[in-house]
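**Student:** Residue-level listing of the chains:
There are 2 protein chains.
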Amino acid sequence: MVGASLGIKLTQLNHHVRMGSRTANNEKAEEFIKQAGMGASQGTFADAAAYGEIVFNCTKGDGALDAIKAAGEENLKGKILVDVSNPLDFSKGMPPILIPALSNTNSLGEEIQKRLPGTHVIKALNTVNCMLMVNPASVPGLHDVFICGNDETAKAKVTEILKSFGWISIIDVGDITAARATEMMLPLWIRLMMKFQSPNFNFKIVK
Amino acid sequence: MVGASLGIKLTQLNHHVRMGSRTANNEKAEEFIKQAGMGASQGTFADAAAYGEIVFNCTKGDGALDAIKAAGEENLKGKILVDVSNPLDFSKGMPPILIPALSNTNSLGEEIQKRLPGTHVIKALNTVNCMLMVNPASVPGLHDVFICGNDETAKAKVTEILKSFGWISIIDVGDITAARATEMMLPLWIRLMMKFQSPNFNFKIVK
Numbered sequence: 001m002v003g004a005s006l007g008i009k010l011t012q013l014n015h016h017v018r019m020g021s022r023t024a025n026n027e028k029a030e031e032f033i034k035q036a037g038m039g040a041s042q043g044t045f046a047d048a049a050a051y052g053e054i055v056f057n058c059t060k061g062d063g064a065l066d067a068i069k070a071a072g073e074e075n076l077k078g079k080i081l082v083d084v085s086n087p088l089d090f091s092k093g094m095p096p097i098l099i100p101a102l103s104n105t106n107s108l109g110e111e112i113q114k115r116l117p118g119t120h121v122i123k124a125l126n127t128v129n130c131m132l133m134v135n136p137a138s139v140p141g142l143h144d145v146f147i148c149g150n151d152e153t154a155k156a157k158v159t160e161i162l163k164s165f166g167w168i169s170i171i172d173v174g175d176i177t178a179a180r181a182t183e184m185m186l187p188l189w190i191r192l193m194m195k196f197q198s199p200n201f202n203f204k205i206v207k
Numbered sequence: 001m002v003g004a005s006l007g008i009k010l011t012q013l014n015h016h017v018r019m020g021s022r023t024a025n026n027e028k029a030e031e032f033i034k035q036a037g038m039g040a041s042q043g044t045f046a047d048a049a050a051y052g053e054i055v056f057n058c059t060k061g062d063g064a065l066d067a068i069k070a071a072g073e074e075n076l077k078g079k080i081l082v083d084v085s086n087p088l089d090f091s092k093g094m095p096p097i098l099i100p101a102l103s104n105t106n107s108l109g110e111e112i113q114k115r116l117p118g119t120h121v122i123k124a125l126n127t128v129n130c131m132l133m134v135n136p137a138s139v140p141g142l143h144d145v146f147i148c149g150n151d152e153t154a155k156a157k158v159t160e161i162l163k164s165f166g167w168i169s170i171i172d173v174g175d176i177t178a179a180r181a182t183e184m185m186l187p188l189w190i191r192l193m194m195k196f197q198s199p200n201f202n203f204k205i206v207k
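Chains as they are written, first to last, in our numbering: chain A, 1 to 207; chain B, 1 to 207.
For the record, the hints were derived by calculation from the structure and aren't laboratory data. Some hints could be false.
[Said to hold, decoys possible] Restricting the straight-line Cα-Cα distance to at most 20 Å, the calculated cross-link-like pairs of lysine to any residue (SDA-like) are:
1) B:Lys34 x B:His15
2) B:Lys60 x B:Lys92
3) B:Lys92 x A:Thr177
4) A:Lys195 x B:Val173
5) B:Lys207 x A:Ile190
6) B:Lys69 x B:Lys34
7) B:Lys92 x A:Ile190
[Unchecked claim] If we take Cβ atoms under 8 Å as the criterion, some of the chain B residues that face chain A in the derived model are:
8) Met1
9) Val2
10) Ala4
11) Asn75
12) Lys77
13) Gly78
14) Ser103
15) Met185
All C-beta atoms, glycine included, are put in the ideal place defined by N, C-alpha and C.
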């Protein structure tokens, strides 16, 4: 769902997008191509990783590291990987906890960076719902998206993409270890989503 | 510092405030009385707990559970305890992590509630700097303070106190387990504080 949302937006912006999945030619991938139209293709995680200049990790947090492995370190070398996922553990019910090994002293963003030392991992968009990711105006007024990562050039490129999605206020919170902080926003985000019965809200930093 | 800030505000609002510390008659307690004036007194944690109808825990997170123990379960029975502290662990440098045993699947607010089953523990104000706690207008416009706890009457009383401080937008995020979520805001808060070189900012939920 997150991948389709981002993929459709990116094709609308005239990018070529290859959606990767565990198995190629699955029903959702075919549906994505139907909706995204021109510029859209699909394949395995490895196919998508090899194809893209910039790769988005839109998998569920508990499957993210397996997906990265399937995508292949070599296929991702020298590229930007935008990690929008969150290390949520729903095994104990709602609201979820964060996967303990990927929280507080670590994060999913950092762990992906450790496993892909030749890739520029940028954490972004993980604190907003996927509809809002690509249409920030669906929540009125100014509100913020957070970005972090180790490479300034990569961060600048991802910032340009976020601007092309309509984001105006993009807050750089530092290197990839700051993914700990933005991933730890999720427990509040989820409780607010349950309270509001809607994911159509966002955080804003007021100064 | 947090206790003095809240205590001075409360005396300005005509409450009687007793500041508790590990040892009575210490320098900071005397300074507090000088600044707070009429209605202010000081003593041990147990003195303050016995004196107050509503008790604020303003200790450092890593000393909070010892302070609660020193305050005494009996002294706090049937009362409201407002926990404004955060389980920050600075032992590995800046930025701090959360104390592992008090994060993700637990929180300081919850742990205090477990240790004081006869007390209504309300988590509030822990996501804002102590100057902002008592003067929300120091950050312009509307922004939010979060509150959670198990007892609705206690939450309503604390909400009234927050309103008397000037808070307009007070978001009830649920029972005391929601302290996990508001305490997990601190890693981002601290990184933003380091980025802005100022604690004078706040979160706002935009819908």
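**Student:** Hint by hint, say whether it matches the structure.
**Tutor:** Now for the hints, and whether the structure bears them out:
Taken as a hint, the lysine 34 of chain B and histidine 15 of chain B pair is honoured in the structure, with Cα atoms around 16 Å apart against an allowance of 20 Å. Of the pairs offered as hints, the one joining lysine 60 of chain B and lysine 92 of chain B holds, with about 16 Å between alpha carbons and a cut-off of 20 Å not exceeded. Between lysine 92 of chain B and threonine 177 of chain A the CA atoms are separated by roughly 14 Å; this keeps the pair inside 20 Å, and the hint holds. Restraint check for lysine 195 of chain A and valine 173 of chain B: the C-alpha separation of about 7 Å stays at or below 20 Å, so the hint holds.
This hinted pair checks out: lysine 207 of chain B and isoleucine 190 of chain A have alpha carbons roughly 14 Å apart, not beyond 20 Å. For the hint linking lysine 69 of chain B to lysine 34 of chain B, the alpha-carbon distance of about 28 Å lies beyond 20 Å, and the restraint is violated. Between lysine 92 of chain B and isoleucine 190 of chain A, the direct Cα distance comes to roughly 29 Å. Violation of the 20 Å bound is thereby established for this hinted pair. Look at methionine 1 of chain B: its Cβ only gets to about 21 Å from chain A, farther than 8 Å, so that hint breaks.
With 8 Å as the threshold, the beta carbon of valine 2 of chain B stays out of range of chain A, its nearest partner Cβ sitting at about 21 Å, so the hint is violated. Interface hint at alanine 4 of chain B: violated, since its Cβ lies 25 Å from the closest Cβ of chain A, which is beyond the 8 Å cut-off. Given the 8 Å rule on beta carbons, the hint for asparagine 75 of chain B is violated: about 32 Å separates it from the nearest Cβ of chain A. For lysine 77 of chain B, the suggested interface contact is broken, since its CB lies about 29 Å from the closest CB of chain A, more than 8 Å.
The beta carbon of glycine 78 of chain B is not positioned within 8 Å of any beta carbon in chain A (closest approach about 28 Å), and the interface hint is therefore violated. For serine 103 of chain B, the interface hint holds, since its Cβ comes within 8 Å of a Cβ in chain A; the closest pair sits about 6 Å apart. Interface hint status for methionine 185 of chain B: upheld, as the beta-carbon distance to the closest one in chain A is roughly 6 Å, under 8 Å.
Comparing the model with each earlier hint shows violations of hints 6, 7, 8, 9, 10, 11, 12 and 13; every other hint is respected.
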